[in-house]
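Just need the whole structure built from these sequences, with the hints factored in.
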Amino acid sequence: MSAGWGKVALTTVAAAAIAPAVLAQDVSPSPPSGQVTPATEITVTATRLDDARSSIQPSLGAAKYEFSRRAIEDVPMGQQAPLNQILLRAPGVVQDSFGQVHVRGDHGNLQYRLDGVQLPEGLSLFNQVLATQYANKMSLITGALPAQYGFRTAGIVDIEVKSGRTAPGVEASMTLGSYNWQQPSLSYGGSSGSWDWFATGQFMHNAIGIENPMPTQGPIHDDTDQWHGLFKVSKILDENTRLSFIGGGSGARFQIPQVSGVPAAFTVFGIQATNSALLDQRQWEDTWFGMAALQKKYGDLDFQLSAFGRSSNLNYQPDYLGDLMFNGISPWASRSSLAFGLQGDGSWKFHEKHTLRGGFLVQRERATDLTYANVLPVGGNGAPTSDQPSGIAFGSDQIGWMFGVYLQDEWKISPTVTLNYGARFDAISAPSQENQVSPRINVVWEPNDFLTVHAGYARYFTPPPLGQIGNAAIATTLGTTAQPAVTTNDPLKAERSNYFSGGFEVRPLDGLKFGFDAYYKMAENLIDEGQFGAPIFLTSFNYANANVKGFELTGSYDTGPWSLYGNLAWSDAQGSAINSAQFNFGQAELNYIAQNYIYLDHNQSWTASAGAAYTFNQGSEWATRLSADFVYGNGLRRTLVNPNDSALPSYAVFNLSAAQKLPIKGTRGAELRFDVLNVFDNSYQIRDGTGVGVGAPQYGMRRTFLVTLAQKF
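The opening residue of the sequence shown carries number 10 in the numbering used here; numbering runs sequentially from there.
A hint or two may mislead.
In silico lysine-lysine, DSS-like type, Cα no more than 30 angstroms apart, as pairs [as the list claims (entries may be wrong)]:
| hint | residue 1 | residue 2 |
| --- | --- | --- |
| 1 | LYS305 | LYS421 |
| 2 | LYS362 | LYS305 |
| 3 | LYS244 | LYS305 |
| 4 | LYS421 | LYS358 |
| 5 | LYS244 | LYS421 |
| 6 | LYS421 | LYS362 |
| 7 | LYS305 | LYS358 |
| 8 | LYS721 | LYS674 |
| 9 | LYS421 | LYS502 |
| 10 | LYS502 | LYS558 |
| 11 | LYS244 | LYS558 |
For each label pair, taking beta carbons as the anchor points, the in silico distance ranges come out as [what the hints assert, rightly or not]:
| hint | residue 1 | residue 2 | range |
| --- | --- | --- | --- |
| 12 | VAL495 | GLY270 | 41 to 51 angstroms |
| 13 | SER659 | LEU379 | 21 to 31 angstroms |
| 14 | GLU361 | ASN605 | 51 to 61 angstroms |
| 15 | GLY270 | SER659 | 22 to 32 angstroms |
| 16 | GLY199 | GLU630 | 38 to 48 angstroms |
| 17 | ALA181 | ASN284 | 38 to 48 angstroms |
| 18 | TYR381 | TYR307 | 54 to 64 angstroms |
| 19 | GLY270 | GLY199 | 20 to 30 angstroms |
| 20 | SER659 | GLU533 | 27 to 37 angstroms |
| 21 | ALA402 | PHE240 | 38 to 48 angstroms |
| 22 | ALA181 | GLY488 | 39 to 49 angstroms |
| 23 | GLN397 | VAL495 | 46 to 56 angstroms |
| 24 | PHE689 | SER201 | 32 to 42 angstroms |
| 25 | LEU379 | THR633 | 17 to 27 angstroms |
Please keep in mind that the hints were generated in silico from the structure rather than gathered at the bench. From the three backbone atoms N, C-alpha and C, an ideal C-beta is built for every residue, glycine too.
Structure, rendered in structure tokens:
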């Protein structure tokens, strides 16, 4: 069976291991019959250690959607696609502006792992820190998660990074297309004895770095330059021990796109009007990360000990005169974050029916923000008293710690029933000090090869991102055009929730799967995020109470040359009473939300995605792959009368792709790829600039043509 589209796996650990196999060309050649070479021994050991690492952190009882290498290639742009575009092909994932995605009614709250090591949360907004081309395969895990997953729990994006075994040799590619799109990339993987290495990098330039705030074909002032890079080195110390290191980074430069015809709100230096289309605002985003992991297998005991670190920086440069005239403040703003920590995970099969798992995570983060701004003075009625700006400065420097420890038991009650139960203890010491004991339990029933049923409960504890705890600077801005309408600023709190989920998967035929999953979440101090002010930085706030519920339907067929998938999801996320960072809102808005449940701004009731791919001459050096897919949403929330009281119009975006292999003598072959994004040139709105915490309107990208030539050596 060929490797194909991602699929939901609501199964036991043994059944969850049915992830699509690595493509044949990525596997070392077999030695002659009866002969075992050192290279073969190393490959077998590496594969066994990969399996052991997976057994340390299973997704037992949760909903797991997997993307194989083939599935990634079937998505428009393939491995050159942004990571969020891959995730949008999973059920229950909602598209938002700035490349954001929302999983099961949460604004953020996503956790990213590389080879099982949790990556600290960064600050990047427009730029996605991780690139799709890093992934040998990846999974999105959601639902009632086992106890090893803590802090960020809306979804776990688990990426198995390519290696010299799974991606050997050199691969160079170039993508060119609409919007002056230029995207070269280069990868190299290899091995020698017990050493294995992989390195990759890409650069991208185009003229649509951020979503267009107008419904025009092309945005105004929207160029971007971005780069991503990663390297991975591992060494097998003995047949049961492996040491590995992953390092990487990303950087991006963005122009902020503009809207024409907007009147100025303030007079500055006697100037009353200016062309809003000529504003020159820019944002920079940089991230570096690294992690080292020691993995050991000793009989029935497996463990991995890891150290990790991450540095992030955001900088906003205003249009000095324009920001003052339109926003009343011209801020040179920066945020930075440095985080590092230790993570340990272990698994011990101490009985034929019991597997004990435990681990810990400790992380320290320092987050700073600093703003130098020009503002205008105002009188008691809020009207400017002068057109001569003055300068103010404000900022903060915060240190936060996170601690987590867990223990759980996987109990094989019978050949068809598995119970996974345990608990974790989490604590934070940041601007506030909080902790919680969180029980978890999942049960999986697999009576035959046709059916798998699961149900689970999880107690969650989600601290606010330290880098998104806003500095109100209320006292500094009073008496200026930057002063808030509300001066209340209660501290952010950790979100605490009870989460229930359950579902089933049926497999009526070889390669054919159907799944259903439902969930319900009751939250106190639910964490949401918004953009407040000209710098496009996210700031967190709490809803005192919230309820999130929904269901997902999935289907996939993967056999021979065919790969098909389809997802349909419904979600309802509502909250009431904003009880922190109130200075970001108007008093009337706060009063209404205090008395009423409202839809969260990122709620989208209906979401769907589907795709089909067919490969002609499969397995030959002249193989041709044709694929098509679409993404549908019935619209995020907007405000007409009351906060978030309406939804934007629904939309559907269709895409087409064609890839042709080209055998070239003396090389490992080439591939020519053609992608058409938004085939019908649908003009649709992701945001309209209204809603709780929404900063500006954004429209989806119009029809785009891209051509990619990839050469392997």
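Quick rundown of the hints versus the structure:
Between LYS305 and LYS421 the CA atoms are separated by roughly 25 angstroms; this keeps the pair inside 30 angstroms, and the hint holds. With a CA separation close to 23 angstroms, the supplied pair LYS362 and LYS305 stays within the 30 angstroms bound. Between LYS244 and LYS305 the alpha-carbon distance is near 12 angstroms, which keeps this suggested pair within the 30 angstroms criterion. For the hint linking LYS421 to LYS358, the alpha-carbon distance of about 11 angstroms falls within 30 angstroms, and the restraint holds.
Restraint check for LYS244 and LYS421: the C-alpha separation of about 35 angstroms exceeds 30 angstroms, so the hint is violated. Between LYS421 and LYS362 the alpha-carbon distance is near 5 angstroms, which keeps this suggested pair within the 30 angstroms criterion. At roughly 15 angstroms between alpha-carbon atoms, LYS305 and LYS358 fall within 30 angstroms of each other, so this suggested pair holds. A distance of roughly 11 angstroms separates the Cα atoms of LYS721 and LYS674; the hinted pair therefore holds under the 30 angstroms criterion.
Using a Cα cut-off of 30 angstroms, the hinted pair LYS421 and LYS502 is violated, with the two alpha carbons roughly 38 angstroms apart. Taken as a hint, the LYS502 and LYS558 pair is honoured in the structure, with Cα atoms around 22 angstroms apart against an allowance of 30 angstroms. Restraint check for LYS244 and LYS558: the C-alpha separation of about 45 angstroms exceeds 30 angstroms, so the hint is violated. Remark: the range hint 41 to 51 angstroms for VAL495 to GLY270 is contradicted by a beta-carbon distance near 31 angstroms.
Remark: the range hint 21 to 31 angstroms for SER659 to LEU379 is contradicted by a beta-carbon distance near 42 angstroms. Checked against the hint of 51 to 61 angstroms, the C-beta distance between GLU361 and ASN605 comes to roughly 55 angstroms, which is consistent with it. Between GLY270 and SER659 the beta carbon distance is about 27 angstroms. The supplied range of 22 to 32 angstroms therefore holds. For GLY199 and GLU630, the hinted distance range of 38 to 48 angstroms is not satisfied, since their beta carbons lie about 23 angstroms from each other.
Our hint of 38 to 48 angstroms for ALA181 and ASN284 holds, since their Cβ atoms are close to 43 angstroms apart. The given range of 54 to 64 angstroms is respected by TYR381 and TYR307, whose C-beta atoms sit roughly 56 angstroms from each other. Between GLY270 and GLY199, the C-beta spacing of about 56 angstroms breaks the proposed range 20 to 30 angstroms. Between SER659 and GLU533 the CB atoms are about 32 angstroms apart, so this pair conforms to the stated range of 27 to 37 angstroms.
As the Cβ distance of ALA402 to PHE240 is approximately 39 angstroms, the hint placing it in 38 to 48 angstroms holds. In this structure the hint that ALA181 and GLY488 lie 39 to 49 angstroms apart at CB is violated, the actual value being about 58 angstroms. Checked against the hint of 46 to 56 angstroms, the pair GLN397 and VAL495 fails, with Cβ atoms roughly 27 angstroms apart. In this structure the hint that PHE689 and SER201 lie 32 to 42 angstroms apart at CB is violated, the actual value being about 51 angstroms.
Under the hint 17 to 27 angstroms, the C-beta atoms of LEU379 and THR633, about 55 angstroms apart, miss the expected range.
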